[in-house]
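There are 2 protein chains.
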Amino acid sequence: MNHPTPLSQALRRPLPAALADALAARFGDRFSVAQAVREHHGRDESPFPPTPPEAVVFAQSTDDVVAVIDLCRAHRYPVIPFGAGSSLEGHVLAVQGGVSIDLQQMNRVLSIDADDLTATVQAGVLRKQLNEELKSTGLFFPIDPGADASIGGMSATRASGTNAVRYGTMRENVLSLTVVTPDGKVIRTAGRAKKSSAGYDLTRLFIGSEGTLGVITEVTVRLYPVPEAMSAAVVNFPSLSEAVRAVIQTIQLGVPIARSEFLCAATIRAINAHSHTTLREAPTLFFEFHGSEASVKEQAELVQQIARDHGGQDFEWASRPEDRTRLWNARHNAYFACLQVRPGCRAISTDTCVPISRLADSITGARRILDTAAFPTMILGHVGDGNFHAVLLIDPNDAQEVADAERLNDEIVRLALSMDGTCTGEHGVGLHKIGFLVEERGDDAIDLMRRIKAVIDPHNIMNPGKVFTTP
Amino acid sequence: MNHPTPLSQALRRPLPAALADALAARFGDRFSVAQAVREHHGRDESPFPPTPPEAVVFAQSTDDVVAVIDLCRAHRYPVIPFGAGSSLEGHVLAVQGGVSIDLQQMNRVLSIDADDLTATVQAGVLRKQLNEELKSTGLFFPIDPGADASIGGMSATRASGTNAVRYGTMRENVLSLTVVTPDGKVIRTAGRAKKSSAGYDLTRLFIGSEGTLGVITEVTVRLYPVPEAMSAAVVNFPSLSEAVRAVIQTIQLGVPIARSEFLCAATIRAINAHSHTTLREAPTLFFEFHGSEASVKEQAELVQQIARDHGGQDFEWASRPEDRTRLWNARHNAYFACLQVRPGCRAISTDTCVPISRLADSITGARRILDTAAFPTMILGHVGDGNFHAVLLIDPNDAQEVADAERLNDEIVRLALSMDGTCTGEHGVGLHKIGFLVEERGDDAIDLMRRIKAVIDPHNIMNPGKVFTTP
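Chains as they are written, first to last, in my numbering: chain A, 81 to 551; chain B, 81 to 551.
No lab work stands behind these hints, which were simulated from the structure alone.
There's no promise every hint is true.
Keeping only pairs whose Cα atoms sit at most 25 Å apart, straight-line, the calculated SDA-like set for lysine to any residue is [stated by the list, open to error]: (1) Lys377(B) to Pro305(A); (2) Lys265(B) to Val518(A); (3) Lys377(B) to Arg349(B); (4) Lys377(A) to Val306(B); (5) Lys377(A) to Thr357(B); (6) Lys265(A) to Val535(B); (7) Lys377(A) to Ser355(A); (8) Lys377(A) to Lys265(B).
Bear in mind that the values here come from a model prediction, so they are computed numbers and not experimental data.
Please work from the sequences and hints to get the whole structure.
Printed below as a string of structure tokens:
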């Protein structure tokens, strides 16, 4: 069982008065212990109840972050980085108390190096903001987790999303990070060269470290020329399994699709209700193609043929920008659309990812597991990567539903692990997958991670209780 | 100065007799202290004089590697992994003595999962062997450093090569590693899912760790469908700078070229002499295009136009497989062709990589620096990544030439560092770039790397003296 039990308050420590005084002296009204401010920083998009930090500092610079870390370290007091609050795994919850460093005021795009296809941003820059500022350059930043997350938070959770099938994840698209380590040092993990063999890969060490090794304050990302042509398509299938098989074959043939999203009939129903669309309520794939005019046409024809071979029908095209935007907005709002299916519910979202050949078994297996549920469930996700999300809509006050949801979640994750997959394709470990991480990688690998954590953060002040249980 | 002074024998330790006995008992005739065997394992393609280990074990399994590490750890004695011996930075040289673990008998392709576009191989599998075994599948493994390196060694040095501009480096193309850590534990760093946010990125930690954190024994790599169409082209330019500018523009426009190699006139001359080709002795670009027939045609036309705009001429095409093979063989033999320009010489090869917009300044700057040399020099490399190699052909017995070469090397590296580039794009740090690594990333970053090294390898038995100086 991997239920939100890490929310135990046993390790929670109050804010030392001397630390509060020092932070207030240094940050003035950018330091807050106000209840509303604390509560805002103690919640994310996870199903966990709010767990506020004891205080919040609004950082405006890397130096500010150094100051918070130095003061907190002196008091052995937890530090929790806060970006946009769009995490799905409780990453920002202050389970041991602590000071939340809000990075939202570190929202400047520091440089757009169009000739190098890179941009360097402060950690609090939101992905939509970055793409807005890139508009005049003919370049874009492709990583798109749906939510308007911060680039720092996306780095910290190794986020990806709909475009990852073509452009990769944050792992592939971050060139360099500026990080404040728990000893208050400022490290730039790499230069801006596209590749390097210079020493240990500190960039990748911090990507996905979920705030447990330091605070990311600046990020250099890769950019891409906006494709000459883009086209999206919607296609319905007679069954979940046929839809998934169409995607598998598309990937195996190496068609360079930019996006391929699966949505089950129940998800489409929720989207129609929420976004006032009239999509056919059947297992559905959304595709997007990027390239030259000729290449997009070629890809689209190939995928259409593959889809037809798997019973795909009602192929609908969206080539005009506004039609594509409407389609992807509907997709991005799917999570919120699902939530509205059952007012007052909380959503538990699985995030398994498997080798592509096992995707059909993994999804149909998940569907079978979910069919036993007494509450609404949906399946959707970035199937081109082998990644999908089962969404379980539970009444958080119904202990039986909570327990049932956790049991079904466990079964879905274990099925993915039995296929050499992962418990989390893109959301991260946070509070909810600590046990699964051990199952997935084994005690020796976790011991290695723990030793790295211990040597970088010997006082365990950086976002304690996430990724691992605290010893 | 970063001359081969780490070759000091001060830290060299003889093989403890008890360790020798234990290894002999465990491995029989797969354990050797024969002079010829030791010498073979004490050299690579670097300019360093041979520095043999005290003994060699021929491992046939991960368990064998565990046994060597366990025995060596008990004696606090160094362990040096050995793949194909094609390293360029002295990675396998036994500067502190030690037992070389030869992985060449771990040469089995363990599984080809064509439906997942992955293969799992033992670390000693050579890249050409893997592609040979993939032939019937319609898939290929793209990373191509020129030398027929082992997949384990390529992982350990974060290798890349000619195809990296399109397919990425080992960093992007390894899904998972099996690693024996210095405490004798066997860790599988990840599953086979294409992406994962499950904990610290142990895969990327070991990629590029150059044998200093453990021994890689198995590697799961990504495969790609063999493109429907492939075409190569050779084009000459009036100057080095025009050639490089053509590449820069190609990259900035996002043309998905598969390869783009620069060769200076002197390199072409060396190739013509060595490979009996009749290429025009001018600054030259080799291109390769992968994709559908239509896409390859489109890319080729676009690049041809860009090349013409920069004075490119004599565009020659190689679309037949045998013509392409001849072309790339000539490119791959360039290093050996250069060596033959000056019989008895050793080659010092730089390996800087810079953001693409700085490539022209970086290469023309290097050319200016090299123009002062009293020995032959060439420039070639994977310019699409911003990576190139200056090859300095020196008489290793001429102290003045050695000193001059190191000085020129220093200048070229510092020029790249001043452009936010790296001292090594793909060869690794090894013995030769230890000082540059500190200049490049700074003391705090190196301290972090050292702490990670110390906590994973507390007795410093894994390939000591590489990446960092031993304290």
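Now for the hints, and whether the structure bears them out:
Under the criterion of a C-alpha separation no larger than 25 Å, the hint pairing Lys377(B) with Pro305(A) is consistent with the structure, at around 20 Å. Using a Cα cut-off of 25 Å, the hinted pair Lys265(B) and Val518(A) holds, with the two alpha carbons roughly 16 Å apart. Annotation: proposed proximity of Lys377(B) to Arg349(B) is violated, straight-line Cα distance about 30 Å (limit 25 Å). For a cut-off of 25 Å, the pair hint linking Lys377(A) to Val306(B) stands: about 21 Å separates their Cα positions.
For the given pair, Lys377(A) sits about 40 Å from Thr357(B) by alpha-carbon distance, which is inconsistent with the 25 Å threshold. For the given pair, Lys265(A) sits about 19 Å from Val535(B) by alpha-carbon distance, which is consistent with the 25 Å threshold. Simply put, Lys377(A) and Ser355(A) have alpha-carbon atoms about 29 Å apart, too far for the 25 Å limit, and the pair is violated. Annotation: proposed proximity of Lys377(A) to Lys265(B) is violated, straight-line Cα distance about 51 Å (limit 25 Å).
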